[in-house]
Amino acid sequence: MTLIEALVLGLVQGLTEFLPISSSAHLVITQMLFNISFPGFGFEILLHLGSVLAVIIYYRKDLIELIIGFFSYIKNRSEENKTNFWFSIYILVATIITGVSGILFEDYISTALKGPTMIAISLTITGIFLIIIERAVRTGGRTEKDMTLFDSVIIGIGQSLALIPGLSRSGTTLVVGMFAGLTKETAVRYSFLLSIPVILGSTVLAIKDLLNGELLAVAGAFPLIVAFIVTFISSLLGIVWFINFLKKSKLIYFAIYCFVLALFVFIFLGDVDPDLF
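Using full-length UniProt numbering, you'd call the opening residue of the sequence shown number 1 and step up by one each time.
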């Protein structure tokens, strides 16, 4: 892997991870355009670690508050910590659902459903649901304190669908959360915090791909370091930008982008052999 490829792949991962446009699809497409591939899931996991580090830093105060509130509520059942306790539980429930789905289906999905045509279809579906949530569903008014176990279950199921390349993890959790009546701000916060255990969990499952030395031999140490750093910085910028964007603009612009990208993939990459990637 060249430094230019490392830079571009890091930027692609970082800028798309927390936008509702599917970072996994963008990584696959970029690798197709560069005609490069990596063994196992080590490279994707490395880049995702850069993204999750950005989330942890951005939401560090929230995480500390959730952790303190969780254990304080267990200790003394104080009303002031009740919301943080249950919000933590809802993150855990959705994570478990996604983790079980990943263990059961990811091998099949990563081989059978990663072709260009499937990615184009998934991007189109993402765009359609973004339009539906923007145009057909009235924005809810429920916040963290109004969430229920049912919310976490359906959001966890929605997040599991994002195992399919082209279906955005942040997009599905955001759409399902808003369908459930959560405010846009609450759905975004829940989605971003939910990414931390999900990505860390997938790292544990694929740690052998990071440590077996094959990725290092193929990509090189310095390009991997560059890709990680670029991913971290661009992820942090992407989080800040997306949160500010949602305060004054609409999701329909991302839907249009998904449609355009799906058309590009279908026309120009539809005949690429998915087994190469």
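Some clues are possibly wrong.
[Stated by the list, open to error] Pairwise CB distance ranges, derived in the manner of DEER restraints:
hint : residue 1 : residue 2 : range
1    : S72       : T148      : 53 to 63 Å
2    : K250      : E214      : 18 to 28 Å
3    : S72       : G213      : 12 to 22 Å
4    : I128      : L216      : 16 to 26 Å
5    : I252      : G213      : 27 to 37 Å
6    : F71       : L33       : 39 to 49 Å
7    : T148      : V100      : 30 to 40 Å
8    : T2        : L237      : 17 to 27 Å
[Claimed, not checked] Listed next, the in silico SDA-like pairs over lysine to any residue satisfying Cα-Cα at most 25 Å (straight line):
hint : residue 1 : residue 2
9    : K248      : K82
10   : K208      : G99
11   : K75       : E65
12   : K248      : K75
13   : K61       : I132
14   : K82       : I125
15   : K248      : F266
16   : K75       : L92
17   : K184      : K247
18   : K250      : Y73
19   : K247      : I128
20   : K61       : T83
21   : K248      : L19
22   : K61       : E144
23   : K184      : I74
24   : K247      : K75
25   : K61       : Y73
26   : K61       : S78
27   : K208      : F228
28   : K61       : K208
29   : K145      : F242
30   : K145      : I67
31   : K247      : L19
32   : K61       : F41
33   : K248      : I229
34   : K208      : E65
35   : K184      : F228
For the record, the hints were derived by calculation from the structure and aren't laboratory data. Here the structure is a predicted model, which is why all the values come from computation and not from measurement. Glycine included, C-beta positions come from ideal geometry on N, C-alpha and C.
Hint-by-hint comparison with the structure:
At roughly 22 Å, the beta carbons of S72 and T148 sit outside the given window of 53 to 63 Å. Against the hinted window of 18 to 28 Å, the Cβ-Cβ separation of K250 and E214 comes to about 43 Å, which falls outside the hint. A hinted range of 12 to 22 Å for the beta carbons of S72 and G213 is inconsistent with their spacing of about 44 Å. For I128 and L216, the Cβ-Cβ distance of about 41 Å falls outside the hinted range of 16 to 26 Å, so the restraint is violated.
Judged by the Cβ atoms, the range 27 to 37 Å given for I252 and G213 is violated: they are separated by roughly 46 Å. Distance hint check for F71 and L33: the Cβ-Cβ separation is about 47 Å, which falls inside the suggested range of 39 to 49 Å. Distance hint check: the CB atoms of T148 and V100 are about 20 Å apart, inconsistent with the given range 30 to 40 Å. Here the CB-CB span from T2 to L237 is close to 23 Å, well matched to the stated 17 to 27 Å.
Restraint check for K248 and K82: the C-alpha separation of about 31 Å exceeds 25 Å, so the hint is violated. For the hint linking K208 to G99, the alpha-carbon distance of about 17 Å falls within 25 Å, and the restraint holds. Annotation: proposed proximity of K75 to E65 holds, straight-line Cα distance about 15 Å (limit 25 Å). For the hint pairing K248 with K75, the CA-to-CA distance comes to about 41 Å; that exceeds 25 Å, so the pair is violated.
For the proposed pair K61 and I132, the alpha carbon gap of about 33 Å is over 25 Å, so the pair is violated. Restraint check: the Cα-Cα separation between K82 and I125 comes to about 37 Å, which exceeds 25 Å; the hinted pair is violated. Proposed proximity of K248 and F266 is contradicted: the alpha carbons are some 32 Å apart, above 25 Å. The suggested pairing of K75 with L92 holds, with an alpha-carbon distance near 19 Å, which does not exceed 25 Å.
As the CA atoms of K184 and K247 are separated by approximately 9 Å, the hinted pair is consistent with the 25 Å bound. Restraint check for K250 and Y73: the C-alpha separation of about 37 Å exceeds 25 Å, so the hint is violated. For the hint pairing K247 with I128, the CA-to-CA distance comes to about 21 Å; that is within 25 Å, so the pair holds. Note on K61 and T83: the hinted pairing holds, with a Cα-Cα distance of about 16 Å set against a maximum of 25 Å.
A hinted pair counts as satisfied when its Cα atoms are at most 25 Å apart, and K248 with L19 qualifies at roughly 15 Å. Only pairs whose Cα atoms come within 25 Å are accepted, and K61 paired with E144 is accepted, the gap being roughly 16 Å. With a CA separation close to 29 Å, the supplied pair K184 and I74 exceeds the 25 Å bound. Between K247 and K75 the alpha-carbon distance is near 37 Å, which puts this suggested pair outside the 25 Å criterion.
Among the hinted pairs, K61 with Y73 is consistent with the structure: their alpha-carbon atoms are about 18 Å apart, no more than 25 Å. Restraint check for K61 and S78: satisfied, since their Cα atoms lie roughly 20 Å apart, inside the 25 Å limit. For the hint pairing K208 with F228, the CA-to-CA distance comes to about 18 Å; that is within 25 Å, so the pair holds. The hinted pair formed by K61 and K208 fails the criterion: a straight-line CA distance of about 32 Å is larger than 25 Å.
Restraint check for K145 and F242: satisfied, since their Cα atoms lie roughly 24 Å apart, inside the 25 Å limit. Taking the CA atoms of K145 and I67, the gap is near 16 Å; set against the 25 Å cutoff, the hint holds. Simply put, K247 and L19 have alpha-carbon atoms about 14 Å apart, close enough for the 25 Å limit, and the pair holds. Taken as a hint, the K61 and F41 pair is broken in the structure, with Cα atoms around 31 Å apart against an allowance of 25 Å.
With a C-alpha separation of about 30 Å, the suggested pairing of K248 with I229 is violated against the 25 Å cut-off. A hinted pair counts as satisfied when its Cα atoms are at most 25 Å apart, and K208 with E65 does not qualify at roughly 33 Å. Using a Cα cut-off of 25 Å, the hinted pair K184 and F228 is violated, with the two alpha carbons roughly 30 Å apart.
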